[in-house]
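Student: Sequence:
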Amino acid sequence: ILSKKLQENESMIMALNNAVSQEKSKNSQFASKVSALNEEIAKSNREVYFLREELNSLNASFESVFNKYKLQNQTINKLNKKLNEVAYVVGSKLELLENGILTKSGGIIGIGKTRKLNSDLNTNYFTYVSKYDLKSIQLGYKTVRIITSHPSNSYKLFNKNEVIDSLVILNQKDFWNNSKFLVLEVK
174 ILSKKLQENE SMIMALNNAV SQEKSKNSQF ASKVSALNEE IAKSNREVYF
224 LREELNSLNA SFESVFNKYK LQNQTINKLN KKLNEVAYVV GSKLELLENG
274 ILTKSGGIIG IGKTRKLNSD LNTNYFTYVS KYDLKSIQLG YKTVRIITSH
324 PSNSYKLFNK NEVIDSLVIL NQKDFWNNSK FLVLEVK
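Going by our numbering, the sequence shown opens with residue 174, and the numbers climb by one from there.
Derived by calculation from the structure, the hints in this document are not laboratory data. Because the structure is a prediction, the values reported are computed rather than measured. Backbone N, C-alpha and C fix where the C-beta goes; we use that ideal spot for every residue, glycine too. Careful: at least some of the hints might be erroneous.
To be verified - Straight-line C-alpha distance at most 27 Å; calculated DSS-like pairs for lysine-lysine:
{"id": "1", "residue 1": "308", "residue 2": "289"}
{"id": "2", "residue 1": "241", "residue 2": "255"}
{"id": "3", "residue 1": "329", "residue 2": "346"}
{"id": "4", "residue 1": "308", "residue 2": "277"}
{"id": "5", "residue 1": "329", "residue 2": "254"}
{"id": "6", "residue 1": "304", "residue 2": "315"}
{"id": "7", "residue 1": "329", "residue 2": "251"}
{"id": "8", "residue 1": "254", "residue 2": "346"}
{"id": "9", "residue 1": "289", "residue 2": "304"}
{"id": "10", "residue 1": "266", "residue 2": "199"}
To be verified - Label pairs and their calculated CB-CB ranges:
{"id": "11", "residue 1": "221", "residue 2": "188", "range": "43 to 49 Å"}
{"id": "12", "residue 1": "292", "residue 2": "236", "range": "48 to 54 Å"}
{"id": "13", "residue 1": "292", "residue 2": "245", "range": "33 to 39 Å"}
Using the sequences plus the hints, can you model the full thing?
Tutor: Right, dumping it as structure tokens:
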């Protein structure tokens, strides 16, 4: 019985040693897998770090380009506004003479003088608008004389009760083609 017990114990010890050795083998395989996974994670973390740095750099570049685009767009809008800017003034002969819009020239001893645009035009006296926004000007005078040069088919003067009620611009492009200034002398 004792020898049987010893034999059983030996076989049990062998079985346990085999199980421990198998577990050690599994543990070493698991440890090597964990080690490989740790290396892969470290590599991935480095890649993520470099990609994040590259993304930050690209974001900064994109922001710089976007800011330049925004500035250029603002400049274009300002230039476009200035390009399409026109000016008009409505006033009596005396008012236009006194404010440096018109000047008298020619004639003899004060007779036969003609009124024309002053070569040193007082541009501060004008009202400035976009040529696309100005479709008509309300007047309400008996006589209206257009001093500046504008094609007659590009505008129309509307009468109401023997008073010139308004000037309506029919074709902005043609109307403002000769001059960006409109001078109306009224009575």
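Student: All hints, please: hold or fail.
Tutor: How the hints compare with the structure:
1. Between residue 308 and residue 289, the direct Cα distance comes to roughly 25 Å. Compliance with the 27 Å bound is thereby established for this hinted pair.
2. The straight-line distance between the Cα atoms of residue 241 and residue 255 is roughly 21 Å, inside the 27 Å bound, and the hint therefore holds.
3. With a CA separation close to 15 Å, the supplied pair residue 329 and residue 346 stays within the 27 Å bound.
4. Proposed proximity of residue 308 and residue 277 is contradicted: the alpha carbons are some 30 Å apart, above 27 Å.
5. Restraint check: the Cα-Cα separation between residue 329 and residue 254 comes to about 26 Å, which is no more than 27 Å; the hinted pair holds.
6. Simply put, residue 304 and residue 315 have alpha-carbon atoms about 26 Å apart, close enough for the 27 Å limit, and the pair holds.
7. Note on residue 329 and residue 251: the hinted pairing is violated, with a Cα-Cα distance of about 31 Å set against a maximum of 27 Å.
8. Of the pairs offered as hints, the one joining residue 254 and residue 346 holds, with about 15 Å between alpha carbons and a cut-off of 27 Å not exceeded.
9. Only pairs whose Cα atoms come within 27 Å are accepted, and residue 289 paired with residue 304 is accepted, the gap being roughly 23 Å.
10. Proposed proximity of residue 266 and residue 199 is contradicted: the alpha carbons are some 109 Å apart, above 27 Å.
11. A beta carbon spacing of about 48 Å between residue 221 and residue 188 agrees with the range 43 to 49 Å that was offered as a hint.
12. At roughly 50 Å, the beta carbons of residue 292 and residue 236 sit within the given window of 48 to 54 Å.
13. One distance hint, 33 to 39 Å for the beta-carbon pair residue 292 and residue 245, holds here, with the actual separation near 37 Å.
The structure fails to meet hints 4, 7, 10 from the earlier list, while all remaining hints are met.
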